[in-house]
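Chains as they are written, first to last, in our numbering: chain V, 126 to 411; chain G, 372 to 731.
These are computed hints drawn from the structure, not numbers from a lab.
Just so you know, not all the hints are guaranteed correct.
[To be verified] Partial selection, computed: residues in chain V whose CB lies under 7 Å from chain G:
(1) Leu306
(2) Ala309
(3) Arg311
(4) Gly314
(5) Pro327
Glycine included, each C-beta is placed from N, C-alpha and C at the ideal position.
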Amino acid sequence: MTSRNISPGLWFILPTMLLLATLIIYPMLSTVELSLTDSSGAFAGMRNFNVAISAPSTRLILFNTAYYVIGSVVFQLLLGILAGILLNQQFAGRSVVRSLMLIPWVVPGIVAAMTWAWMFHTDYGIINYMLMQLGIISEPVGWLTDPDTVMPALIAVNAWKMFPFVAVMVLAGLQSVPDELYEAVRVDGASFWHEIWHIMLPQLQPVLVSVTLLLTIWALDGITIIYSITGGGPANRSMIFPIQIYVQAFEYFEFNRAAAMAVLYFLFIAVIIVLYMRMFAAQDKD
Amino acid sequence: MAQVELNKVVKKYGAYEALHEVDMRVENGEFVVLVGPSGCGKSTLLRMIAGLEAISSGAISIGGRVVNDIRPKERDIAMVFQSYALYPHMTVRKNMSFALKLASVPQPEIDAAVERAASILGLGELLDRRPKQLSGGQRQRVAMGRAIVRNPQVFLFDEPLSNLDAKLRVQMRAEIRELHQRLGATTVYVTHDQIEAMTMADKIVVMRQGYIEQIGHPLELYDRPANLFVAGFIGSPAMNFIEGETSAASPQSFVAKDGTSITLPAGSAALDGRRVILAIRPEDLAVVGDGTPDAFAGKVVGVETTGPESVILLETCGTRVSLVLRERASLGVGQTVLLRADPAKLHFFESDDHGRRIIM
Chain V
126 MTSRNISPGL WFILPTMLLL ATLIIYPMLS TVELSLTDSS GAFAGMRNFN
176 VAISAPSTRL ILFNTAYYVI GSVVFQLLLG ILAGILLNQQ FAGRSVVRSL
226 MLIPWVVPGI VAAMTWAWMF HTDYGIINYM LMQLGIISEP VGWLTDPDTV
276 MPALIAVNAW KMFPFVAVMV LAGLQSVPDE LYEAVRVDGA SFWHEIWHIM
326 LPQLQPVLVS VTLLLTIWAL DGITIIYSIT GGGPANRSMI FPIQIYVQAF
376 EYFEFNRAAA MAVLYFLFIA VIIVLYMRMF AAQDKD
Chain G
372 MAQVELNKVV KKYGAYEALH EVDMRVENGE FVVLVGPSGC GKSTLLRMIA
422 GLEAISSGAI SIGGRVVNDI RPKERDIAMV FQSYALYPHM TVRKNMSFAL
472 KLASVPQPEI DAAVERAASI LGLGELLDRR PKQLSGGQRQ RVAMGRAIVR
522 NPQVFLFDEP LSNLDAKLRV QMRAEIRELH QRLGATTVYV THDQIEAMTM
572 ADKIVVMRQG YIEQIGHPLE LYDRPANLFV AGFIGSPAMN FIEGETSAAS
622 PQSFVAKDGT SITLPAGSAA LDGRRVILAI RPEDLAVVGD GTPDAFAGKV
672 VGVETTGPES VILLETCGTR VSLVLRERAS LGVGQTVLLR ADPAKLHFFE
722 SDDHGRRIIM
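Next comes chain V alone, as it looks inside the complex (with noise of 0.2 Å):
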């Protein structure tokens, strides 16, 4: 075949190809390559699986990886909505209100995770402080440093960073509504409570589908906001898969290992994914 035969659509779309390889297809085919040999490079089979598989934390970071995702999205879909209604209402200041309320996200992850830690602090943190000046408590609670509390208080963070994007989408999507089905829904008799349940939360089905799984994405590779305050303790209590990829790859230095994990990570995110878009794929065509 000659250059001339080659459909020109084929060099338009080039340029792009070779980017998307050198940067995406050229790393994960090397991670494969990485997890399937040893620090010499010599072929190694599945043995870093096993080792990964069989270490005594993988069964706490699965889990702690899972309660932070279902914890941090459950969370962020139910601050979002209800913010998102709240803020499609009419009252007096509704702008300021919505532009302050988009501060946690806009607030660059590791700056928002350094002022929780702080206000988490056993000692100095103001939240014991309030709490124990409200007599809610009366010592202090180490929130980060219980084994029991910690994932509640990075769930707190992260719902608390990405609950205005989840308000932004929500309240985008009931401005496209039109205002003759509140209307219809209020003269057949309606409360406010059946506008959010019959027609608001329909209506936004659409729009929560593609944000859900924005979120569970974003949650599952998140790093920052438990990197940056506990670094996975106490103990491995906070550890989720990403951050202990990470650590073994760069604290360790077991990049092997750390690969094969990564693998591992891909394939149980894409199987989620692929579920997930079944399941709604399935839900459209009804």
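Please arrange chain G on chain V, whose structure you already have, making use of the hints.
Frame of chain V; chain G shown alone:
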């Protein structure tokens, strides 16, 4: 069923007054059409009856109960919206049963009510479809079905036919009218289309700029419009208006701006020597032969044929008038013809801003 009464109803948006002390009464089982150009306040008035707009002052009562501060759902009304406002994610059946479900009506009763409404409107086949799978006319019917199912005291329609094509509109007009005869429900219907108003209403309320211009039976409005606005709004093609003065001499005559003289019927004493506007409907003008008494000349400037009749546009009396012929016109543009106005069908209006009818 119930009557609807509006007593000095005012609607203000800030300093702007959209409706000025409107008084109106809809009798039990009556079909009342609110008609007027866009921005006249007719939809606002309807929405106030529905409870979707607050009342600035005055009172609205439904079935003898003042409903000013009562929420829409407690007013026992049903409304059909211009865009139909069907719930997109619900089937036709669910759309129709939704209000009853919210009111905790037992399921067998709901099913029976939906079946009944569906059979009245011929929706039986469509009950399990979603709104987006329906045509415009079918959606319109579902919207009416949703209203019927609730068996409300009052039906409110907000320009329900304006999204349909012309042919379907004529069909749905008849269907709504038929439905009203069948159910006998008190109905308030808003439209900007005077033909819809004329063909459907027991009583028409003509509105302009937040005022009611005239209330009456369709033919009463047609035959005795209260002012120039109503005269020009009701009827198609619109009524002809000719400015001029009346003479006091006998026999009395009307002299148009360009000097054309039209003889007035005996007993027009009220018109003695005044500046007035003479009005005549296009079908009350006739093309006549030479030698006909009281005829005046007009020059043909256009001919529009609809099939059964022709509309002739003419220049005469210093203005443009139209004339309806119940036959195919053989007139050509540029031709001069003789016209005669039926003296019994002349209307006169004051030539001031109000343009009130002069009663003789």
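To see whether the hints hold, each was checked on the structure:
| no. | hint | in the structure |
| --- | --- | --- |
| 1 | Leu306 | holds, 5 Å |
| 2 | Ala309 | holds, 4 Å |
| 3 | Arg311 | holds, 5 Å |
| 4 | Gly314 | holds, 4 Å |
| 5 | Pro327 | holds, 4 Å |
In this structure, every one of the numbered hints holds.
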